[in-house]
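Trainee: If you want the building blocks of each chain, they are given just below.
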Amino acid sequence: MALPEKLVDEFNALVKNYPAGKEGKRSGLIPALHRCQEELGGWVTPEIMEDLAAFFDLEPAEVYGVASFYPMFRLTPPGKHVIKVCHNISCDLVGARDVLAKAKELTGAEVHGTSPDGKFTLEVVECQGCCSTAPMIDLDNTFHENLTLDELERLIGECQ
Amino acid sequence: MSGFETYLMSRMAREDSHTLEGYKAQGGYATLERVLKDMQPSEVTEIVKASGLRGRGGAGFPTGLKWTFMPDASKDPRDRYLAINGDESEPGTCKDRVILDEDPHGLIEGVLMACYAMGCAASYIYIRGEYRHQYRRTEAAIAEARAAGLIGKNILGSGFDCEIYMHMGAGAYICGEETGMMESLEGKRGHPRPKPPFPAGFGLWGQPTTVNNVETIFNVPFIVERGAEWHRSMGTEKSPGNILVGISGNVKRPGVYEAPLGISAKTLLESPDFAGGLHDGRKLKAWFTGGSSTGMVPGSTIDTPMDHDGMQSIGAMLGTAAMIMIDDSQCVVRAMEVVARFYDHESCGQCSQCREGTQWLHQIFRRIEQGKGLPQDVDMLTAIASGMAPGKTICALSDAAAIPANQMVKHFRAELEEHIQSGGCRINHTGNFARGASAPTEVHA
Ligand SMILES: Cc1cc2nc3c(=O)[nH]c(=O)nc-3n(C[C@H](O)[C@H](O)[C@H](O)COP(=O)(O)O)c2cc1C
Ligand code: SF4
Ligand code: FES
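So the sequence lines, in the order shown, correspond to chains A and B.
To convert, note that position 105 of the first sequence is 104 in numbering that gives the first Met the number 0; the numbers rise steadily by one, no gaps.
To convert, note that position 304 of the second sequence is 303 in numbering that gives the first Met the number 0; the numbers rise steadily by one, no gaps.
Calculated directly from the structure, the hints in this document are not laboratory data.
Incorrect hints may appear among the rest.
[Claimed, not checked] Each computed SDA-like pair below joins lysine to any residue, with the alpha-carbon atoms no more than 20 Å apart:
1) A:Lys15 x B:Gly151
2) A:Lys24 x B:Lys194
3) B:Lys187 x B:Gln206
4) B:Lys187 x A:Ala19
5) A:Lys79 x A:His111
6) A:Lys15 x B:Trp204
7) B:Lys187 x A:His111
8) B:Lys409 x B:Met316
9) A:Lys79 x A:His33
10) B:Lys409 x B:Arg281
11) A:Lys24 x B:Ala120
12) B:Lys194 x B:Ala395
All chains should be modelled from the sequences, with the hints used to inform the complete structure.
Mentor: In structure tokens:
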């Protein structure tokens with residue numbers, strides 16, 4: 000598989016933000032990984048890593064080394080919806096554990112797992128910068144803050 | 000709010016505060032124009048130096064002084080950069096996002112002034128990957144500013160050229176450490192670099208670089224506009240000015256508030272202008288003074304000035320001024336376990352003391368919390384922490400993990416011992432909602 004032309008065009012524009020030369024060019028790698036994950040099925044496949052390696056003049060192992068370092072990059076396919084529950088201290092103090100228990104119950108997914116029907120992937124994440132609007136979840140890349148258990152039920156219901 | 004002048008959040012009440020129109024209507028970019036027309040770069044640095052502004056990223060380093068570490072351009076003609084740290088991942092910290100959301104042009108104006116002062120032809124704003132909304136807001140503001148001739152070549156006809164680029168992180172706390180952030184910006188794993196060399200000599204792509212926090216640079220246009228004396232008239236002698244304080248945890252009105260440095264933490268907790276106090280009938284058990292890395296201190300220390308010296312006087316730190324309030328319905332051992340788990344998860348693994356130490360601390364706090372602690376565990380915690388810090392590793396994450404552990408043993412030894420002796424915790428950790436701990440909040444005051 001080759002990267003879609005649209006993304007190649009985007010990446011050619013992106014690397015102009017950084018100094019010329021190989022070292023400058025590879026600076027576009029993390030933004031490019033984000034775009035691939037967004038556009039190409041929600042995870043970074045081995046093929047994508049090979050294609051990005053070719054684009055950025057790197058070895059596939061270097062791209063893998065970067066992709067696997069950052070928690071936001073997914074190296075296995077997710078369910079249709081991804082729910083991330085912050086379990087760090089400010090959220091923990093105001094109910095994150097209850098949120099997590101409820102999310103497990105409503106989705107049928109285990110933490111860092113996908114529900115049997117493939118609909119939900121459930122994750123715990125570290126502080127998301129929503130500490131004074133805690134507790135929070137991130138559902139499909141959108142924050143939901145000042146969350147209540149009823150609101151959680153409603154959000155998950157909308158995904159069903 | 001009464002009793003002191005507010006300025007950092009003054010523009011944010013306006014609906015369109017994040018747009019160029021909203022910003023200009025409130026006087027935005029007028030000071031930049033004056034700077035580019037009438038001031039030498041060194042004059043800008045001098046004002047910032049004289050103002051006493053200290054970095055808001057956690058360490059409180061004097062900003063103007065940091066700028067002077069950049070090599071003299073006449074002797075070192077290399078390209079130079081300003082890197083803005085918007086990684087904001089320290090647990091409890093949620094103040095840079097308010098700036099990115101509500102007043103991104105204020106940041107941009109500050110970036111342009113700082114680049115002018117240091118002779119940087121480009122700046123990179125590094126935003127944590129989870130801040131999608133904040134990223135888009137800032138990106139849109141940059142596009143507006145560029146279209147208005149405020150970014151790019153020959154800004155406002157002054158002959159000064161400056162580019163500003165956005166860069167998105169991908170969820171690693173260690174990329175908030177300045178050299179980890181630079182590695183990440185270069186498309187690598189966020190492994191902090193051994194120092195020296197320091198960023199001013201060898202930073203992004205090996206070029207001279209200054210790293211500043213979002214809120215630090217956001218302060219610059221206010222200071223340049225109104226002068227160093229004005230800035231020094233607020234806050235304390237060693238920590239002048241106002242600061243954004245994030246208050247979270249078991250309080251009535253969690254939020255991000257503006258207050259002068261040196262204000263009593265008790266006022267921030269109790270005043271209806273700020274967090275509005277604890278929930279009825281509760282007492283303050285403990286609090287993190289400035290993010291999880293500063294550790295927990297007992298609730299009895301709350302009447303202390305929120306500035307660098309005040310926090311030092313209770314053996315704590317100002318950090319990012321992110322106060323996390325823990326009431327007496329909570330278990331401090333449990334709170335510590337959560338924090339220890341975080342550092343275990345975030346260690347980048349380059350240094351053995353940090354890689355192993357964060358894991359051991361987490362394991363021990365977890366087993367104490369679960370009622371499986373051993374009598375020797377408390378002393379073991381201190382021994383492990385002393386092997387991790389201070390200054391024994393490539394970066395300060397190891398210190399950031401050791402400090403809360405040390406604070407825990409120092410202030411809450413009895414709680415640890417009680418857990419070990421009685422085989423667990425008497426507090427039920429679920430049901431915080433039922434205790435009314437969560438209340439609707441405002442993002443800003
Ligand atoms: C583990 C670790 C995490 C850090 N995270 C951040 C962060 O998220 N944001 C930030 O501005 N500074 C962070 N810092 C501090 C930076 O290294 C650096 O001191 C700061 O960005 C400098 O800006 P200032 O002088 O304007 O405060 C962190 C430091 C360490 C050791
Ligand atoms: S102290 Fe920890 S986080 Fe910092 S470089 Fe060493 S292992 Fe990595
Ligand atoms: S602790 Fe959950 S968002 Fe900060």
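Trainee: State for each hint whether it applies.
Mentor: Verification of the supplied hints:
1. A:Lys15 x B:Gly151: Within the cut-off at roughly 14 Å; holds.
2. A:Lys24 x B:Lys194: Violated, because 25 Å separates the two Cα atoms, which is more than 20 Å.
3. B:Lys187 x B:Gln206: 17 Å, holds
4. B:Lys187 x A:Ala19: The given pair, whose Cα atoms are some 17 Å apart, holds under the 20 Å limit.
5. A:Lys79 x A:His111: OK: lysine 79 (chain A) and histidine 111 (chain A) at ~14 Å, within 20 Å.
6. A:Lys15 x B:Trp204: 15 Å, holds
7. B:Lys187 x A:His111: 25 Å, violated
8. B:Lys409 x B:Met316: Satisfied, since the Cα-Cα distance of roughly 15 Å is no more than 20 Å.
9. A:Lys79 x A:His33: 18 Å, holds
10. B:Lys409 x B:Arg281: Outside the cut-off at roughly 24 Å; violated.
11. A:Lys24 x B:Ala120: 18 Å, holds
12. B:Lys194 x B:Ala395: Judged against 20 Å, a Cα distance of about 11 Å means the pair holds.
In the structure shown, a violation is registered for the earlier hints numbered 2, 7 and 10, in ascending order.
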